[in-house]
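Peer 1: The primary structure of each chain is shown beneath.
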Amino acid sequence: MALATASAAATRQDAPPGGRIRRVGIATPYLFLLPYLLLFGTFVLAPAAYGLWVSLHDWDYLLPGKPFVGLANYHALLDSGSAVYEEFWQSMRATGIFTVASVPLLVVVPLGLALLLNRSFPGRTFFRAVYFAPYVLGVAVIGVLWRFLLDPNLGAVNGLLRAVGLPSDTPWITGLPWAWISLVAVTVWWTIGFNAVIYLAGLQDIPRELYEAARIDGGGKWAEFRHITLPGLRPVLVFVVINTMLASSNMFGQSLLITQGAPGNETRTAIMYIAEKGLREYNMGTAAAMSYVLTLALLLASVIIFRLFRDRDAV
Amino acid sequence: MTRTRGIAWYTILIGLSLIFIAPLVWMLITSFKTTGEATRVPPTLLPQEPSTHAYDTLFAADSQTPVLRWFLNSLLAAGAQAVLILVVASMAAYALARLEFRGKKLLFGLIIGTLFVPVFTLIIPNFLIVDRFGWLDTLWALIVPGAAGAFGVFFLRQFFLGLPRELEEAAQLEGANAWQIFSKVILPLSKPALATLAVISFLANWNDFIWPVYVLFSPEHFTLPPGLSILQGAYTIDYPVIMGGAALASVPALILFLITQRYVIEGVSRSGLKG
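Residue numbers (the UniProt record's numbering), protein chains in the order written: chain A, 1 to 315; chain B, 1 to 275.
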């Protein structure tokens with residue numbers, strides 16, 4: 001408030017000397033913003049518009065001519081007779097399968113972990129760091145590591161199963177549904193710490209008095225969880241669900257490095273296909289159109305999730 | 001009673017820890033095995049004939065896969081980008097947190113809005129823009145565009161908003177201008193937040209995969225993540241070499257995390273909640 005008045009005074013240029021008045025030149029804020037805005041404009045705003053422009057052209061990076069084709073690239077994605085239709089929607093389906101399979105796990109399992117770590121006990125910080133550690137590694141490391149561990153013949157996972165006398169010939173990265181199970185499991189292992197830490201912060205924001213009151217009322221653990229913990233976590237939950245959904249639908253590295261899209265193209269995700277089309281075959285008009293279709297689908301899903309959570313009185 | 005419960009409690013926690021740690025330990029152990037031993041069935045737990053074969057191969061002077069070079073490239077790109085982000089994001093965040101100007105709300109909304117745009121939407125047009133700058137296949141492509149992200153600005157703005165105004169006002173009374181207040185008051189008070197952002201930015205860039213895979217073409221310009229993917233292609237069955245490369249990419253990240261874990265975890269949770 002004080003700031004607003006002060007700046008109004010400053011812009012009038014007749015502010016009295018001295019006193020607790022903020023005197024800032026009109027250009028000052030913009031000068032502070034300039035370096036960032038140059039980057040932001042060039043590498044965020046401009047590409048957002050430029051990508052739309054590219055998607056309206058037959059944009060072959062390697063050819064000189066890039067004829068305007070209007071909505072033809074989009075049309076091709078919806079036309080079952082076109083060359084890209086089949087593969088694009090298969091990749092969208094793969095992204096959908098992965099998202100639908102991974103999001104519930106990535107929302108629920110870290111919540112369990114966070115509840116486990118939310119008590120105070122010696123070594124809490126240590127365990128929190130341990131569970132978070134894989135997240136610190138990049139998808140390239142995770143990918144090559146699990147490709148090795150999950151190798152059906154030589155991998156440690158089947159090796160371990162063999163050692164304890166369980167079936168040890170599961171085609172973890174080459175057969176269905178195993179490839180999906182592997183990709184989801186690896187992703188849960190890799191990113192569980194991120195959501196868990198966000199839940200933990202949310203849990204610590206729930207006032208303790210609420211739990212004490214519930215204890216006096218004689219509610220059990222489950223009632224406490226349903227009536228205090230879950231409602232208290234609602235804003236965090238919305239963030240976690242949307243954020244996880246966006247992350248899962250951008251899945252790319254795990255498929256590229258672990259299953260290499262196999263079997264067939266079953267685990268080739270939308271991003272993998274878009275990257276192949278746009279950045280390997282340099283078919284950028286089509287690829288740009290695909291990425292806007294994907295983005296639109298994600299925006300829609302985000303809005304729906306947001307509404308679902310907001311409109312309900314209790315989670 | 002409580003004692004047995006305590007034991008059960010720690011058994012669960014330690015059991016879970018093994019799930020997270022064992023694969024990483026296995027990676028490290030494998031990198032010290034011979035090629036033959038790494039793929040032995042059943043696998044050996046510890047190297048029977050410990051070998052530096054993997055690292056000898058990775059560091060060989062005439063290597064087709066110059067890992068040391070990738071390592072230095074990664075270090076340079078991630079370090080330079082972290083510095084760039086600290087500079088531009090702290091300045092922008094100061095304006096957004098502490099100064100008044102026309103269009104502030106709109107601008108902030110626009111910047112935050114882009115947090116929700118999937119990175120991939122921009123990757124193809126950004127490729128074309130980077131190409132126009134002549135940055136394809138150079139580290140510039142890895143350093144500059146990524147610094148335009150909204151996270152740093154958002155993160156520092158939140159921190160600046162929480163700083164007490166008194167010191168700032170005192171400096172003002174002594175005639176300090178906005179730049180002096182920013183550099184002599186705000187920044188020194190923000191060291192923990194700046195360090196947190198530096199580490200988070202460094203790790204994100206160090207681990208970035210999709211962008212370097214497509215904008216870098218020559219192996220000598222690679223960073224570690226795309227390098228690992230060609231290692232996997234080049235040494236298909238030489239797992240110690242691949243695991244050695246993965247270890248080289250993980251160990252610095254893990255050490256950095258261990259040293260700064262409290263800040264990283266807090267930074268992640270704080271920024272996550274406000275998203």
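In case anyone wonders, no lab produced these hints; they're calculated from the structure. Some clues are possibly wrong.
[To be verified] Part of the chain A face toward chain B, derived, beta carbon under 7 Å:
| id | residue |
| --- | --- |
| 1 | Pro-29 |
| 2 | Phe-32 |
| 3 | Leu-33 |
| 4 | Tyr-36 |
| 5 | Ser-82 |
| 6 | Tyr-85 |
[Stated by the list, open to error] Over the 12 Å line for every Cβ pair with chain B, so calculated as not near, a few chain A residues:
| id | residue |
| --- | --- |
| 7 | Leu-78 |
| 8 | Leu-113 |
| 9 | Leu-294 |
A virtual CB, placed ideally from N, CA and C, is assigned to each residue, including glycine.
Peer 1: It remains to establish, for every hint, whether it holds in the given structure.
Peer 2: Hints, verified against the model:
1. The interface hint given for Pro-29 of chain A holds, since its Cβ lies 4 Å from the closest Cβ of chain B, which is under the 7 Å cut-off.
2. This hint holds: Phe-32 of chain A has a C-beta 4 Å from the nearest C-beta of chain B, less than the 7 Å allowed.
3. Annotation: Leu-33 of chain A was flagged as interfacial toward chain B, and the flag holds, the nearest CB pair being 5 Å apart, inside 7 Å.
4. Nearest Cβ of chain B to the Cβ of Tyr-36 of chain A: about 4 Å, under the 7 Å cut. The hint holds.
5. Residue-level restraint check for Ser-82 of chain A is violated (minimum Cβ-Cβ distance to chain B is 19 Å; threshold 7 Å).
6. Restraint check, Tyr-85 of chain A versus chain B: the minimum CB separation of about 20 Å is more than 7 Å; hint violated.
7. At roughly 19 Å from the closest C-beta of chain B, the C-beta of Leu-78 of chain A stays outside 12 Å, upholding its exclusion from the interface.
8. For Leu-113 of chain A, the requirement that its beta carbon stay farther than 12 Å from each beta carbon of chain B is not met, with the minimum near 8 Å.
9. Annotated as non-interface, Leu-294 of chain A brings its C-beta within 12 Å of a C-beta of chain B; the closest such distance is 7 Å.
When each numbered hint is compared with the structure, violations occur for hints 5, 6, 8 and 9.
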